[in-house]
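Visitor: Sequence:
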Amino acid sequence: MIPESRLRSLNDRPVRGDRQFVLYWMVSARRLGWNWALQHAAEEARRLDLPLVVFEPLRVGYHWASVRFHRFVVEGMWDQRSALRDTPVFYYPYVEPGEAAGRGLLEALAARSALVVTDDFPAFFLPRMVAAAAERLDVRTVAVDSNGLLPMAVPDRTFTTAYSFRRFLHKTLPDHLPDAPAPDPLKEGLRPLPEGALDSVLEAWPMADLDRLLGLPGSRAGSSRIVDLPVDQDVSALPGRGGRVEGLRAMERFLDSTLHRYGEDRNHPDRDGASGLSPWLHWGHVSAHEVFHGVVTREGWSPLRLSPTADGRRSGWWGMTASAESFLDELVTWREIGFNMCVRNPNTYDRYESLPEWARQTLADHASDPRPGFTLETLEEADTPDELWNAAQRQLQRDGVIQNYLRMLWGKKILEWSATPQDALDAMIQLNNRYALDGRDPNSWSGIFWVLGRYDRGWPERPVFGKVRSMTSASTRRKLDLSGYLERYGK
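As numbered in my numbering, residues 1 to 491 make up the sequence shown, in order.
Keep in mind that the hints were calculated from the coordinates and are not lab data.
Note that the structure is predicted; figures quoted are calculated from it, not measured.
Glycine is no exception: its CB is placed at the ideal position from the N, C-alpha and C atoms.
Please note that the accuracy of each hint is not assured.
No more than 25 Å apart at the CA atoms, straight line, and that leaves these computed lysine to any residue pairs for SDA-like [unchecked claim]: (1) K187 to S82; (2) K467 to Y352; (3) K467 to D350; (4) K171 to R344; (5) K491 to E353; (6) K467 to F374; (7) K479 to K491; (8) K467 to E353; (9) K171 to E325; (10) K187 to F292.
Label pairs and their in silico Cβ distance ranges [said to hold, decoys possible]: (11) D426 to G196: 47 to 57 Å; (12) E377 to K479: 24 to 34 Å; (13) P346 to D199: 33 to 43 Å; (14) H260 to T348: 14 to 24 Å; (15) K171 to T87: 38 to 48 Å; (16) V245 to A180: 18 to 28 Å; (17) P460 to E353: 17 to 27 Å; (18) R85 to R462: 53 to 63 Å; (19) D270 to P194: 15 to 25 Å.
With these hints in hand, go ahead and build the complete structure from the sequences.
Guide: Listed below in structure tokens is the structure:
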């Protein structure tokens, strides 16, 4: 059973049991395991004795759509198709060949559906898209929260510091830890979709030719490749692979080889001590629940080891090794505080006005302080006088990520160099969301706004920053192992 706190009805239309199937409209939890939404859809299909259709679309018209992001998602679709090929579940991947080409497709599927189940994701364009669609459909539409260990609906306020959110987690999370989505929600039998049931829909909106989109050898000519689609061609695909198969490999590599040294090495670029999981977490190919389960398994942990004291400490509460606790503070506290901000402040979480009053005031007090005023073009081309910052920007462009610690420095220098803090915010949003595989995510919004004071406190006053925390490249060079990093991402 799905916890009620994870279910949200998007309209008051009826469940129509006399129709052909239950539809799972997969928009953010793009995986077939550890997925509350898919589990709910499968349970409802069994209850209604109907087939299950998994519909996974990909638009071309959203802001920052690019070859990089499309390939990462389509590689995930390829994995889904392979996993569902010999099952009764009907998998329908759809990639728009042109802007608005998919208009009407969801309605056509919903008209044949007893129930529509979708993902509840609180950021970017997805909440507006899902809400608008639910209003148009004549059938019950339910959004399911598969995002984190704590259901998004549980907190009754917006948390402004990691400390306060951590205290809330310490009090509340133990009640939710026993609830975890099924590793394989499709394991039990489902009815197959009758042959030809969707022929008219497929004729109007052909299923994506995934092999052709990926340019695989032997794919048939005629349909589009990703490089032919109307998306940003200058943000190219990366050597690494998207999708659940590679995401699970990355998770296992981290748990087996890196978790034990995460606490000491995660901030050092040359030590490769970070998890590297954020792209697969963002695109829903890997679940926070299964990553947590992997940590628990390696640690031989039981909830009996939880501390009874809810004091907001960063370490000691879980009763695990120091590296495991450090990682869980990132996976749970820092990741999920971003979801808390987005779900409770849907219209302002990405606006300058959402910053704490003290941060806006101190930045305004220093608005006339001299600064270089680098343009977005100078930043995007990594053409500043700062060798380390330029290397971080090149990593973002080349690899779609920035190393953990350097991402903070990257943002702080943009604030220092921009004509206004508002310009700094605009630049960080544009650069991060255009290039980062894990951009446009609640967690990445947290990182961008942390640069400007969100979730932080006042520090000794400095030019430009005021009381907002500052960082320098010189101090970063003294703290971190960087020689290999600078060699990889230098000019």
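Visitor: Could you work out which of the previously given hints the structure breaks and list their numbers from low to high?
Guide: 5, 14, 19
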